[in-house]
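Participant: Listed below are the residues making up each chain.
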Amino acid sequence: MNWIQVQTFAEGPHTYVGIEVFLPQTVEAGKRYPLLMLLHDHGEDRTQWMRQARLERYAEKAGMALALIDGNQSCFVNSVTGYAWGDYLVQELPEKLSGWFPISREAKDRWVMGVGTGGYGALMAAQNAPDAFAGAAAVNPVLDVACLYGTDYEPKPEYLFGEKEALVSQGYALSPSFQIPVRLYCDANHEEKAKQWAQNGAQITVEAVDAENLLEEAFQKYVEGGIQV
Amino acid sequence: MVLMQFQIHSKILQMETDVWALIPGTKPAPRRPNGQNQERTGPEENQEETWKVLWLLHGGVGDHTFWLRHTPIESIAESYGNLAVILPDAYGSSCVDTVSGARFGTYLSQELPGILRRILPKLSDKREDNWVSGFSNGGYGSLYLGFTFPESYGAVGAFGAGDKADADFTNIEAEKERLFGKGDLHSSPYCASQLVKDLGKSDRPKPILCHGCGSEDPWRDMNEIVRDAILSVPGDPYHYEFRIWEGLGHSSACCEAAIRYFIQKMMEQ
Numbered sequence: 005m006n007w008i009q010v011q012t013f014a015e016g017p018h019t020y021v022g023i024e025v026f027l028p029q030t031v032e033a034g035k036r037y038p039l040l041m042l043l044h045d046h047g048e049d050r051t052q053w054m055r056q057a058r059l060e061r062y063a064e065k066a067g068m069a070l071a072l073i074d075g076n077q078s079c080f081v082n083s084v085t086g087y088a089w090g091d092y093l094v095q096e097l098p099e100k101l102s103g104w105f106p107i108s109r110e111a112k113d114r115w116v117m118g119v120g121t122g123g124y125g126a127l128m129a130a131q132n133a134p135d136a137f138a139g140a141a142a143v144n145p146v147l148d149v150a151c152l153y154g155t156d157y158e159p160k161p162e163y164l165f166g167e168k169e170a171l172v173s174q175g176y177a178l179s180p181s182f183q184i185p186v187r188l189y190c191d192a193n194h195e196e197k198a199k200q201w202a203q204n205g206a207q208i209t210v211e212a213v214d215a216e217n218l219l220e221e222a223f224q225k226y227v228e229g230g231i232q233v
Numbered sequence: 116m117v118l119m120q121f122q123i124h125s126k127i128l129q130m131e132t133d134v135w136a137l138i139p140g141t142k143p144a145p146r147r148p149n150g151q152n153q154e155r156t157g158p159e160e161n162q163e164e165t166w167k168v169l170w171l172l173h174g175g176v177g178d179h180t181f182w183l184r185h186t187p188i189e190s191i192a193e194s195y196g197n198l199a200v201i202l203p204d205a206y207g208s209s210c211v212d213t214v215s216g217a218r219f220g221t222y223l224s225q226e227l228p229g230i231l232r233r234i235l236p237k238l239s240d241k242r243e244d245n246w247v248s249g250f251s252n253g254g255y256g257s258l259y260l261g262f263t264f265p266e267s268y269g270a271v272g273a274f275g276a277g278d279k280a281d282a283d284f285t286n287i288e289a290e291k292e293r294l295f296g297k298g299d300l301h302s303s304p305y306c307a308s309q310l311v312k313d314l315g316k317s318d319r320p321k322p323i324l325c326h327g328c329g330s331e332d333p334w335r336d337m338n339e340i341v342r343d344a345i346l347s348v349p350g351d352p353y354h355y356e357f358r359i360w361e362g363l364g365h366s367s368a369c370c371e372a373a374i375r376y377f378i379q380k381m382m383e384q
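Top line first, the protein sequences correspond to chains A and B.
Going by our numbering, the first sequence opens with residue 5, and the numbers climb by one from there.
Going by our numbering, the second sequence opens with residue 116, and the numbers climb by one from there.
Just so you know, the hints here were simulated from the structure itself, not pulled from any lab data.
There may be inaccurate statements among the hints.
[Said to hold, decoys possible] Not the full set, but computed from the structure, chain A residues with beta-carbon under 8 Å of chain B:
#, residue
1, N6
2, T12
3, F13
4, E15
5, H18
6, V21
7, N76
8, W104
This one's a predicted model, so the numbers in the text were calculated from it and none came from an experiment.
The beta carbon of each residue, even a glycine, is placed where N, CA and C say it ideally should be.
Work out the full structure: start from the sequences and follow the hints.
Facilitator: So, in structure tokens, the structure goes:
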């Protein structure tokens, strides 16, 4: 594939961000490609997905574009302190990518997938902006950020989401009922909990993946079975 | 601006190679109080816009990072808004189709623009919007490319640029043979003065030509040999301008002065 490393200013978080973009090896003139955005876990950065999974072998075959994006330590949501990483993910970044590259401008050609806290970010995007995406996927996602409070997680969750008691009222709580198809890919340690959480939900399915090959197996399954290009 | 680093597969070169690009993008603005979002005013939202393109070549021992590291090229280009700067890696090729078969001239003037215009559809494909420039070996390269492939470029900015046909290859004979072949190069396809004269007699497109060097450039005489050859072309088909930057040598300071001048000249046309 064509690999393009982008450094740009982002208005939402008001900072410079890196983006790793992959386009098919042969870009056809006039064609606009579907886009899958990949979100990293806490403690990682945008390179996590390309280091831990062979993305190109599946994305090239599917004829799609990938964008691996930085969320720093935001979990890809708008923070109570005013850093609009969520707006960046659902609106600003797709517009920028379609403005620069031959990438589709339509929500039906756009997916988001994340791991860990990035999985939470992908599900939040699906919950808050169902009109912006055709679907979302999360690998071993954090389903309730309340679990981060009172731990050694830094920066302290209060600075991202506010007080623990106000997570629901501030809009940081996830509900398992979605308006667009959502897939959870979970290893043995996360599968039961995810199934319990999803059992009364809507448009949500849970699939098992092997912890040893977590991101690549989840990515392959989503690209080959979850996404309708 | 936005910095993009490309890994490009070149079928012509038969290798993976680096290309950097600066493209128009949202400028950072002061942060508003209380974390309010700014208005979205970046050029990314303008679907119809196209960008003029400066193909900017490094010197003999440089690479694609040279202009970004040694000059404020981003600050210069940014002030014009709709200019993209493309920084390819030409290695030690002098940007020519070498006799040994590494066809950097064809890659730089034909293949790479085709690849990048498909990846970045806003890059203008009009000849008059595409300019090739460089310093030192890249200056020679811009003469070679502009006058070997004049259908690709509307303007040439050749700085600190002499002609390889006049160069002294003592102690680097092997490199000369690998790139340009043996013998006198004045009758070869690598002679910039001859390329400029030959194009003058043809009915192919004529790029605008801006040329010059620092007053203290140790190879100033070689720039002036090329200058005299260009001035001998009847009718001034290249709207030729030769400039000397006083007090500057074969240096990054001269690169900066020359590219600042060339970009301003082309953008204000």
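Participant: Determine for every hint whether it applies to the structure shown.
Facilitator: Hints and how they fare:
1. Checking N6 of chain A against chain B: minimum C-beta separation of about 6 Å stays under 8 Å; hint holds.
2. Checking T12 of chain A against chain B: minimum C-beta separation of about 4 Å stays under 8 Å; hint holds.
3. Interface restraint check: F13 of chain A against chain B, minimum CB-CB distance 5 Å, threshold 8 Å, status holds.
4. The interface hint given for E15 of chain A holds, since its Cβ lies 5 Å from the closest Cβ of chain B, which is under the 8 Å cut-off.
5. Satisfaction of the interface hint for H18 of chain A is found here, the shortest Cβ-Cβ separation to chain B being roughly 5 Å, below the 8 Å cut-off.
6. Taken as an interface hint, V21 of chain A does not check out: its beta carbon lies about 11 Å from the nearest beta carbon of chain B, beyond 8 Å.
7. A distance limit of 8 Å between C-beta atoms decides the matter here; for N76 of chain A the minimum to chain B is near 15 Å, and the interface restraint is violated.
8. Proximity of W104 of chain A to chain B holds as hinted, the smallest CB-CB distance being about 6 Å (cut-off 8 Å).
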